[in-house]
Structures are given as structure tokens and as C-alpha cells.
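S.K.: So the chains spell out like this:
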Amino acid sequence: MAPSIGTSVPRVDGPAKVCGSARYVDDLVLPGMLHGATVRSDVPRGRLLGVDLDPAFDWTGITVVTADDVPVNAVPLIESDQPVLARDEIRHAYEPVALLACEDRLRLAQALRHVTLRVEPLPPVLTIDDALAAREAIRGADNVIKRYRITKGRGGAAVEGCEVVVRGVYETGWQEHVYIEPNGMIGWWDGDTARVEGSLQCPYYVQKGIKGVFGLPDDGVDVTQAVTGGGFGGKEEYPTLVALHALLLAKKSGRPVKLVYGRQEDVEASTKRHPSRVEIASGCDRDGTLRAVSIRVLFDGGAYVTLTPVVLSRGALHACGAYRWEDVTVEAVAVATNTPPNGAFRGFGAPQTIWAIERHLDRVARTLGTDPVALKRKNLLRLGDTTATGQTLKESVGVEECVEKAMAASGYVEKRERGPVVTGRTARGVGAAIFLHGAGFTGSGEKYLKGKVAVDLLPGGRARVRTGSTDIGQGTETVFRQIAADGLGIGVENVDFAVPSTANVPDSGPTVASRTVMVVGSIVDAAAKELRARLEAEEKARGATRSAAWERLAADPARATSLVQYEPPPGVVWDDATYSGDAYPAYGWACDVAEVEVDLDTFETKVTGFWAAVDVGRVINPTLCAGQVEGGTLQAIGWALTEKLVTKDGKILNPRMTNYIVPTSLDAPPFTTTLVEAAYSRGPGGAKGVGELPMDGGAPAVAAAIEHATGLVLDRVPMLPEDLFEASVKGGAR
Amino acid sequence: MADGKDDRNDLDTNGGVSRRGFLGSVVPAAVGVAVAREALSAPAAAPAVAELPAGEPAKLTLVVNGRTHKVLVEPRDTLLSVLREKLGLTGTKPGCERGECGACTVLIDGVARYSCLTLALEADGKKVTTVEGLMEGEELGPVQKAFVEEDAFQCGYCTPGQVMAAEGLLRENPEPGLDEIRHGMSGNLCRCGAYAHIFKAVDKAARFRKER
Ligand code: FES
Ligand code: FES
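Here the protein sequences line up with chains A and B, keeping their order.
Going by the working numbering, the first sequence opens with residue 753, and the numbers climb by one from there.
Going by the working numbering, the second sequence opens with residue 272, and the numbers climb by one from there.
Looking at chain B on its own, in the form it has when it is part of the complex (with noise of 0.2 Å):
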């Protein structure tokens, strides 16, 4: 794990017990992505939705994570289905589609927001991050480092989401206390219940950005 890999995919080697080689036709979206990234329009990539003439398609300019990508989006399409589905970056997650879980906090010009609250439109022309983003190359950032190193999560589910609320509050406050780090944590649920080793990473993310 110190190699920061991740261990499910990478069973190929093992006779046959691989989630690639079982998956065979699974194309995980992000496979499609990371060949089409530079292209104009995304929607080559494996998801392939059908798009219905309702309202007309609008054509946007996001900066996701550092790059640049110029899609079509329907003006009722959220930030959360443009991420996952038009650029393949999965590890934002929907837990609820209605702005209750937080799953799905992305940051918008360095503030964490709810993505499936936020219309991609909305997002026209400004920088977003989200937990792919956060990488340092193949290294982890200072705040995923510290999640991993505080055992913050457990099923995982919620964990893009804390990571990025977590990098939001940071952002902001980069020495929080723990009530403040509380307070900045609350819009996000962890059903597992994680959220004193949560608490913990926070606090060691702040010491980890400082010593960069």
C-alpha cells in the first residue's frame, strides 16, 4: 500500500482472479477518458448516453483538476453526471442526488460544493477539482496521505466527499481546532461512522500541507 496502488485492480497477474480479466468487457469509464482527454467533445467515451433533443446542448468550457475539456451538456445536467459519466472521473460519488450526503463535494475555484447540486453550467469557466485531482503525481496528497494514515474511512463510500471537504476547509482555514474542523465536516455523512478518525486526519492533513 505504500506504493499507493491500488491493490483490486491490479490482480491480473494472479490466475485468473482479476476484476479486469473477469470484467473482460467492463470498461471502467475512466479507461475512455484517459485516451479522449484532450479531445474536444467527450462523449466518445464508453458511457455513451444518449442524448434527447430536449433543450438545446451547450457547449462548455470546465478545467477539471488542471485540464482543460470543451463537452455538451444539457442545461439540466448536473456537475456530478458531466464528471462521472462525460469525463469518466468516478470517484466522485452520488449518495443521494439531492445535496443531503455530501458524496459528491467537488471543489468549485478552490470551495467545496456539492456537485450534484450544481449545474454544469454553472460551472462554466471555473477551476474544479476533484479527488483525482488531489494526487500528487503517483503519490497521494497531503490530505488522502492522511486519511489513509488515520484509517478515516471504512466502506469508502463517503470518502471522496471528506476528502475534498476536508481540502475545502483547509483551503480556507488552514489550522482548524477541532470544533472548527467539526463544523467543516458536517455537511458530509459517513454512515461507517468514521468521523473521529476523520477528525484525526483533518488535523494531520493541516500538518502535512504546512510542511510541504
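If we strip away everything but chain A, and leave its shape as in the complex, we get (with noise of 0.2 Å):
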């Protein structure tokens, strides 16, 4: 059988997808269904002193819901301070405090106009600044949701003694994931039993969510992954609270409820990218070693803890970039303020500290008067090289030949050393970034979650892979049934892949943080093979050909499945009291280079050329693979150049698809992707994550090329039309 890793095995969802078939929570009906609503504040802060009905309207038929019918009332996550409906305290403007279920489309929208929530505001915290201030006490004293500090060496403050000194400041600002399928969800009960299906990338989260707030045993509740049109990290915690809800609905009525959410709620009350500020002052030597570095990280979690403590450690362990420092500080904080919680978002607080360090560090090379990729070059981590926790990286790390292959495919040394083209009121330039992305849990992560899948032997020599590893668009049911195939030695399309419910298949942990393919994927690998040495060892005891051995054992439950549970690598130390030692397993690299046209009189970007060299270890699938590496990509683009949230008073100004601009097909650049491997012992076949790394480089080769091409140095995205003006206006364009 001629292994199907390393080939582009079409996506085994394909002809569902075109043809209209796959079902989507939305397509879904169950008999008795009602849809639901959800009831929203609408300042940002205040004491909720009473939800009222207005008695004149006609209320038959609606089940309403209240903080009243909430069992536990809090979302179990990191901390349970998110309620599940807000009883007397509203923390951002679009806090759920009633559900409303109905039959008819048309009168629900009609009863939720006449629902009245009697609030008494209170001053709102809604930036990072105002909350540092504390003058309004939100959390604790100091409003600070997490703190996080790295040393090595002997600190940031070996910055001062250096023979150059730069510092600088970065800013993001927030990102929504508009995954064109908004959330949904449809629950109810099987007597004490709670199912729900949906939109969703974790299943095993939102049963620990409705596990908590019901008070159900793990076998009372279903989850069931409906397919799902796109997550991005969005739909990693938030569906929960989606399902509560229907469920909480569905209790009240005792009718199946579908909860599914309009473009404009989705935009305003589901998570989005943390915006953030960071400050860094490093030192270099006058050749352009780098020497110390000094960090300070700052996230703006929004209302509720989530998983920002998460996201500000991704952050933070991914804020000295791809580089060799010897002394290093990284001081890293969230706060809480009055908007929307934030939450995972690919990249996971990655992009905006590697948007930081990249930028600084063009700002270093500006100050040296080199170009920057030759500074950076110059002092990218190699193996045996320490990190700043103080890993030591001792296998697969591609860098230097994605820098390499991008630099060549794009012809960046000559495009830089020629300058910028101008040609009439057109300025052409080219940037580059180089970053790496923690594949996997951060430190001991892995260890807590004991990730688990199953491979069964199928009679008529089929296999099924059953895992909580979701597909949300990224290709998981066709790379998982490929490592399978490999591992038992049989045809990819004699492998299936188990719908995801948690009745069914084993707890895989979330499918997050560039995991799945190397985490999960090892074990699935480990499950084939051993169930091919079962069938290897059947064959010589009794004498048996394959197909017979398959057979017997297909028909024999106790020997027709594998159940492996992922150990992670023996040599994987972290202390988290110190936040120190290996901060992932494995690290996937690359190297991005930007073109674009400046339009000099209007201001507007367009990245005309996008050339991306990524080390993945090994690539199961190249052309799922590329298409991670430029859908990433593309988000980036859209967070560099158009992705602004507008807010007043804390509330979102624009809401919808037309004025919070997402890339369209004449936003895509021409792509080149290289592939690069260098394999990662303990990846299947080699291989690492890929999901989220092609969100961290766009943006800073994007802001890169825009300074080639202008003049212009910008440190905060989105740079839109306005900013780049902003920046001419103020001095700096050639």
C-alpha cells in the first residue's frame, strides 16, 4: 500500500460541502422545535436592579428565562466568574440576563422588544490605561486578571549597559473571527439527559460547561459536533454558553430549542482577539548582535477571565520572537475591563507580541542602518540555542531554510537593495517577518489533559478513527484518516472518521493550539500501529492472511479497538512557579515576505505579492496544508490592513460584515508557499502544527513592506488609509 502521508488526499467532506448536503446546525430541525433569544444589557457596567415583561403584550407560547432558572450560575472555566445569565451586576454591553424561546421567528423578535432590563449604570472601565488606573475597581483592587514574568540571565535591566539601546511601543487592536456560519445551537432533554449539537471546536468543553451548571454526571450529557463553518479559535469556549442557554430554554419548556445567533450578536457578544500594548527596550552590540531584552505585555481581557490567562502566557512565551537573547525580561499582565470577554483567536496572543518584537526589531535595524532581515538572520535561534525560559532547542528547528526559500522566491534582497519602485502615485515595497509558533500545550498542559482516540477494526476491512479532535474546516477528518491508513497499512478511503459526540468518542483534549496533527495525530498513529501488530501477531498465531486476521478481530470487541492516551515527551521539563524550562514540545517556524502598492494619494495598501516558506516537520497533506498556510495568512492581512472594531461608551459602532471589513477574493494576494521539513521526532511522520502559526507573520511583513515602500513606520494595527496619513502628516514619509 503506497503511504498516503506526504500526498493531497482530497478532503473526504468535499462533495457534502458543494453539493449542499452536510448539515450545519442551522439545517437542522427537530420536531417541536422552538428558537430562542437572548436578552442583552446594553451599558457596560452597572447594578441590574430588574428584568421586566411588559404586561400589555401577549406573552403565551414564550418561555422565558431568567438568572432565577439557572442551577449554578457561573460558566465553568478557568475561574467560574462568568455567570451564565447576569443576575445583579453587568459587566460589558452585551452581558446575556434573559432567554426568550418561541415558535415563531416573528413573534419572538417581537417579544424581545418588549423586555425591559431596569439598570443602574456605573462608570465603565474600557481600556487597558483605564484599567491600570484603577479608578474604578472591576477586579480585585488592581483590576489585573493575570501576571506573568520570564527572566534569563541576568534580566531586562542588562539593557541599559548595551552599545545601542531601542525601545518602542506596539499596539493591536481587537479582531473578530467572522466565520461566515455565526454560532448555534440546539438542546434538549432525553429525560434527565441533556443533549445539545452544534457549531462548535470542543465538545468535551461544552460538556464540562453544562456538566457544571446542571449538576449532570459525564454519561448525562451529549455534545454532538454538527459541521461547523469555521471557528478559528471562536468557537473554542464560547459555544458553551450558547449551549447553556438552549439548554436552559429547553428545560423550561420542555421543547427542543435551536439558539442560533444573528450576524450583528455574533459580531457584538461572542469573543474576539485580545488588543494589547507592548513596550520593549533591547540592547545590541553596534554589529547588530542582540544582547538584553526587556517586555512588558499588556492584554486587555475584557469582562471575564475566559482564557485570557492562557492566551497572555502564549503571549508572553512568544514575545522575544525567534531570537537569541541572553538577559531577558518579559513582565506580561491582563486586565479586566467593561467590553465583550476576549478569547481564543488563532494565534492565540501570539500575533500581537510577535507583531511587537518584529516591529521593534525593524526599528533596530532603522537604527543600525541595516536591512532587517539581515539582523534578524544574524541572530536567529539554532539548535542547542536556549530560549528565554531557558529551553534548549534540541531538534527541528527549520528556520534558517525558511528564510532561505522565502527570501529566494521572492527576490527580497534585490527588491530591498533596488528600494521602493515609485511609478506615478504608486509606492512599491517589500518586508519581511521571521517567527516561530508553540505547537501544542504550553509546558505541562499536555500532561493535565491525557488526550485520548480510538481506532476500531471495521468488518469488510474497514477502520474508524474516533476522536474529540473536531474538523472545523482545517482538514482534521482527512489528515486523521491518512495517519491511520499509513499506520494499519491500508487505503486512506477504507478509514472513517466518527462524528464527534461526546457518547462516542474519547476526549482528544480541545482542538487548539496547533495540537491536533502533531499531538493528536501521534497518538491516532500510535492506535493504527498497534492494531496492525495485533493483526500482524493473529496472522503467524493462527496461520491466518490479513484479511482473515482483520475480520476476527474486527468481530471481537475486546481486541477490535485501540484506546492510546498521549504520554508527552519524557524530556519535556516546566516549572509554572518560575515559568521556566520547555515552553512546547516543538515549534513550527517561518518566514513571511510582503509586497505592496501604497497608493500615494489615497493611502490605501494593497499587498500585491505574498511569499510564505513554513517549517511544518512533515506535511501529511500539501495542499490542506498550503491552504492553512494562506487562509492564516489572509486573516493576518485583514488584521493588518482593514480588521478595525470601532467602540464608543463600550459599545461596538460597527457590527456587521459592511463596515467591519474582512478580506473579499480582491484582498487575496498571489500566494507562494513553500513547505519546509525539518521533522520533529515525535510528530507523526515528522510533523508539527500548522494552524495557527501563518496568523503571527502577516501583519508585521505587511508593516515591513509599507515602510519600504513610503517611508512611513506604523506601530499599531490595523493600519488603515487614515493611519498611514496620520503618519505622513507627522513626519517620516520620504
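Please keep in mind that the hints were generated in silico from the structure rather than gathered at the bench.
Predicted model, so just to flag it, every value in this text is computed and none were measured.
Fair warning: there could be bad hints in the mix.
Chain B residues, not near chain A, derived (Cβ > 10 Å throughout) [unchecked claim]:
(1) VAL334
(2) THR339
(3) THR389
Capping the alpha-carbon separation at 30 Å, the derived lysine-lysine pairs in DSS-like fashion look like this [stated by the list, open to error]:
(4) LYS1130/A - LYS1146/A
(5) LYS398/B - LYS330/B
(6) LYS1358/A - LYS475/B
(7) LYS960/A - LYS1202/A
(8) LYS481/B - LYS397/B
(9) LYS471/B - LYS1167/A
(10) LYS471/B - LYS1358/A
Glycine residues also receive a C-beta, built at the ideal position from the N, C-alpha and C atoms.
Two chains, two frames, a set of hints: combine them into the complex.
M.R.: This is the structure we're talking about:
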């Protein structure tokens, strides 16, 4: 059997998706089903005095749920500080307060207008600076959600003794996921068993939430993933809340309830990428050898803790970039504000700090009068180097090759030497970013997760993968089949993928953190290989053919299944107390080159070419892998150039796709993607994660290209025409 | 996949891990309609959306994918909601219901339109084509086939709209150049960012259509 790893097996879910038969949550209908809706506050902070139902309105057939109906009113996550429905306190402008359900959607919409919330407004905390000033305390006395400190060598104080000291401040705004399918869940009760099906990334997260709020045992909750229309992190923790709301309505009404968000509601209420400010002071020698760095990372966590501590951790761990530093201090702080909780978004804190360090090194290069890529190359982490947390890189560092390939493909060096090309009113330039992304959970995370998968032998020479890792468009179904097929030595068309439902698939850990292929894929591989060994033993022992052995094992429930749990590599040591050690089992590495055209009259920026060289360890499916790189990069380009969420008094002013602008087909540059393979010994076939990495480099590469084209230095994303204009007015334009 | 089957819905034989088996009571809207397809009024289909006496229900003739349906609609009903809820054609997706994303794109008399911005009444007597209607029997139509071959999607939610926009474009311009494709597809957002693959798929679909 020719191996399928390394070949572009077509996406198995393809045909269903092109002919309209793939069923997403809103396509499902249950008998007697009601539609649900959420009543939300519209002030960012206040005391909730009451929920009033207009007595003049006919409430027959309408189910109303408030905090009084919630058994345990706290969404279980890192801290259980977020209520399922607000009871006395309003902490952001889209806080859910009550729920309605009705068979008819028009009446439902009318009913929504007849609910009044009595709220006594309080002064809100809306920005990182407000929060740090702590004039209003909304969390503890200092509004701090979480702090980390990383130190290496003599720490950041060593910067002051360096030959060249450079300082800078770098900022990023919110980013909304804008998956084209909004959040949605159907919830129903089967006696005492809670069932939900919907759009989600992590079935076991949702299960945990339901167990906690309703006080149910594991087998009292079944969570099934419907075909999911994109997530990008936005359907990591948020769907738990939607599921809880649907189940509360279902419980009270005794009917199944479908709760699907409208676009505006989704943009307003769901999580977003954390806004950030990163302050950097660095020291280097006159020849460009980097020595010391002191970094302060500030993230806006929003109204509740949700996943902020973990996002901040990843941000802090990527703050030093792909470079060697002898002396380091990273001080990371996340604060609470009265804005919707920020949460997981592809990259998970790393894009913010990579943006900062890349822009900063561009600034250092400018100060030294050298090319940024030359400076960065000189200081790249290599095998045997230690990172800021003291991790020694022992294998799988393909960054040098990435840089070489991206340089060659893009013609960066020649283009930079030639200087910006100005024709009429357009200026053309190129810029690059070099970066890394830790694959898998941070530090000891995987040890606690204990991710599991099962592979089953089925009659007829077929096999099936059962995993809680979901396919949300990245191609998990296809790639896992490839890994299992190769492990078993069968054709990929003979492997099935079980619908992820907590009743039927083991908990593989969440579908996040670029861990699906590298971590979960490695146990799919192990399970498949274990079954293959069983088959071989059976063949030998009983002198049977492979297919006879297969059928015998498949018919024997005790031997048909291999359930494997992930064991973190033995050498990985991490200390949570000092934030030191092996932060990630492996890193993906990459170099991006962007070419832009800036209109010197309107200051519009167009990305006209993009070259990415990415070290993914081993390519399982080249087409799908390149698709991840291009898709993630395009989201990064959107974040860089157009995606600006505008708020006023804690409310979002542009909650629609017509005014929050994500890239269209006209904004997608031609991509040239080169996949580099510096194998990671513990990944399946050598593979590392790729899902998030491409989100990290797009923005700094585009900013560097704008700088090359125009001389304008921008240190904040997004970089809208008005920002370029402002920078030009302040001076600095050629 | 070569046989064009939706594998997710075909797991029944695999001992309990089946979407259909698991859901049991869930009736995808299309099932009810497949039976009631020729019936005069489709509301008998599963969704059972109770109607308010708001506005006079209007009787409407829709020719969808070559079949004639007579349906009762409210004047406020969009074509999108009638296709999905009354005819059970859930291939057409809502992404914003405000004409922003293109997920709901269908052809009306051969021209690509956002069905969320089209009142059902506007389509009275017109020929509507949805993504389900591009199938050639059990086989994928040329645009669908090209989308699969070029991996022109990831999550697939924008895909029915993309496929219909491509079909509309190719009916108008059977041999579009890259720039025409980029412009022709610019009303359909893909957040997964599969555009480069979509361009290739449209180009390939043009060839498939010619070869027929
Ligand atoms: S749903 Fe019609 S354009 Fe978005
Ligand atoms: S494939 Fe996911 S939005 Fe286009």
C-alpha cells in the first residue's frame, strides 16, 4: 500500500460541502422545536435591578428564562467568574440577562422588544489604561486578571549597559473571527440527559460546562458537533454559553430549542482577539548582535477571565520572537475591562507579541542602518540555543531554511536593494517577518489533558478513527484518516471518521493550540500501529491471511479497538512557578515576505504578492497544509489592513460585515507557499502544528513592506489609510 | 469520495456512531420535503413554522431546480427562508441575512442573487437554481467537481454561495480571465481564505463546462 502521508488526498468532506448536503446546525430541525433568543444589557457596566416583561404584550407560547432558572450560575472555565445569565451585575454591554423561546420567529423578535431591563449604570472601565489606573475597581483592587514574569540571565536591566539601546511601543486592536457560520446550538432533554448539537470546536469543553451548571454526571450529557462553519478559536470556549442557554430554554419549555445567533449579535457578543500594547527596550552591539531585552506585555481581557490567562501566557512566551537573547525580562499583565470577554483566536496571544518584536527589530535595524532581515538572520535561534525560558532547542529548527526559501522565492534581497519603486502615485515595497509558534499546549498542559483517541477495526477491512478533535475546516477528518491508513497499511478510502459526540468519542483534548496533528495525530498513529501489530500477531498465531485476521479481530469487541492516551515526551520539563523550562514540545518556524503597493494619494495599501516558507516538520497533505497557511495569512492581512472594531462607550459601532471589513477575493494576493520539513521526532511522520503559525507573520511583514515603500513607520494594527495619512503628517514620509 | 457520497451521513452501519442514529428524532428538513415535493403546499414539511396572521399569505409559484412548487408565503418572507424552511433546501446558507456575505447566493433566471435580500414574492414564476440543483443526477456538476478537485473551501459554509456565484459568472462569461474571476467572486466572502483555490476552481469549471 503506497503511503498516503505526503500526498494531497482530497478532503473527504468535500462532496457533501459542494452539493449542499453537509448539515450545519441551522439546517437541523427537531420536532416541536422552538427558536431561542437572548436579551442583553446595553450598558457596559451597571447594577441590574430587574427584568420587566411588558404586561400589555401577549406572552402565551413564549418561554422566559432568567438567572433564577439557572441551577449553578457560573460558566465553568479557568475561573468560574462568568454568570450564565447576569443576576445583579452588568459587566459588559452585551451581557446576557434573559432568554426567550417561541415557535414563531417573528413573535420572538417582537417579544424581545417587550423586555425591559432596569439597570443603574456605573462608570465603566473601557481601556487597558483605564484598568491600570484603577480609579474604578472591577476586579480585585488593581483590575489585574493575570501576571507572568519570565527572566533569563541578568534580566532586562542588562539593556542599559548595551552599546545600542532601542525602545518602542506596539499596539494591536480587537479582531473578530467572522466565521461565516454564526454560533448556534440545538439543545434538548432526553429525560434527565442533556443533549446538544451545534457549531463548536471542543465537544468536551461544552460537556464540562453543562455538567457544572446542571450538576450532571458525564453520561448525563451528550454533546455532538454538527458540521461547523469555521471557528478560528471563536468556537473554542464561547459555544459553551450558547449550549447552556439553549438547554435552559429547553428545560423550561420542555421542547428542543435552537439558538442561532444573527451576524450582528455574533460580532457584538462573542469573543474577540485581545487588544494589546507591548513596550520593548532592547540592547545590542553595534554590529547588530542582540544582547538583552525588556518587554512589558499588556492585554485587555475584557469582562471575564475566560481563557485570558492562557492567551497571555502564549503571548508572553512568544514575546522574544525567534531570536537569541542572553538577558531577558518579560513582564506580562492582563487586565479586566467592561468590554465583551476576549478569548481564543488563531494564534492565541502570539500574533500580538510577534507583531511587537518584529516591528521592534525593524526599528533596531533602522537605527543601525542595516537591513531588517540581515539583522534578524544574524540572531536567529539555532539548534542548541536556549530560549527566554531556558529551553534548549534539541531538534526540528527549520527557520534558517525558511528564511532562505522565502528570500529566494520572493526576490526580497534584490527588491530591497533596488529600493521602493514609485510609479505615478503608487509606491511599491517589500517587507519580511520571521517567527515561531509553539505547537501543543504550553508547558505541562498536555500532561494534565491526557488526550485519548480510539481506532477501531470494522468488518469488511475498514477502520474508524474516534476522536474529540473536530474538523472545522482545517481538514482533521482527512489528515487523521491518512495517518490511520498509513499506520494500518491500508488505503485511506477504507478509514472512517466518527462524528464527534461525547457519547461515542474519547476526549482527545480541545481542538486548539496547533496540537491536533502533532499531538492527537501522534496517538492516532500509535493506535493504528498497535492494531497493525495485533493483526500481524493474529496472522502468525493462527496462520491466517491479513483479511481473515482483520475480520476475526473486528468481530471481537475485546480486540477490535485500540485506545491510546498521549504521553508527553519524557525530556520535557516545565516549572509553572518560575515560568521556565520547555515551554512547548516543538516549534513551527516561518518566514513571510509581503509585497505591497501604497497609493500615495489615498494611502490605501494593497498586498500584491505574498511568499511564505513554513517549517511544519512533515507535510501530511500538501494541499490542505498550504490552504491553512494561505487562509491564516489572509486573516493576518485583514488584521493588518482593514479589520478595525470601533467602539464608543463600550458599544461596538461597526458590528456588521459591511463596516467591519474582512478580506474579499479582491484583497487576496497571489500566494507562494513553500513547505519546509525539519522533522519533529514525536510528531506523526515528523509533523508539527500549522494551524496558528500563519496568523503571526502577516501583519509585521505588511508593515515592513509599507515602511519600505513609503518610509512610514506604523506601530499599530490595523493600518488604515487614515493611519498612514496621520503618520505622514507627523513626518517621516519620503 | 469519488462516488460523491456524503460520508458524514453514511455512518449508519458503523455500530452506533452515526449522525442519523444518534439524532434519532432529528429530521433534516429535506427529508420531509423529499416526500412532499410535489404536494401543493409545502408547509406540511417538518419545520412547522407557525404563521402569524400578519399580512395576507400569498400563493406563489416557484420553479426551483426544475420542479414547480406552489407555496403560501408571507409578504415579508425572503426567498432564503422559503427555500430553507418551506422547501427544505438547506444547501443555501444564511451568513448575515443582510446582503453582506454571499453565503445565500442562488440563481434567479440564471443570474446570481442574494436570496436573503430577495423577497420570495419577487421570485414568483421565476426559475430558481440552488446548489442542490447543480447536481447531475448522482454526479457532481462541473462547478462542484472543480471545487472538490481544487480544494476550494475549508469549512464549507460559504461554499454553496461560492459555487452558485461561480455558476452565475460562467453562464454570463464562459471563459473568464483571472481578473474577471476575482471580480466576479468578490461578493462572496470566504473567511477560511480559500480564494486562491476558488479562482483555480472557477477556471477549471470553465474548462469542464466547455468539455461537456
Ligand atoms: S446571508 Fe445573504 S448575503 Fe449573507
Ligand atoms: S470555506 Fe469556510 S468560509 Fe469559505
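S.K.: Hint by hint, which ones does this structure get wrong, listed from lowest number up?
M.R.: none
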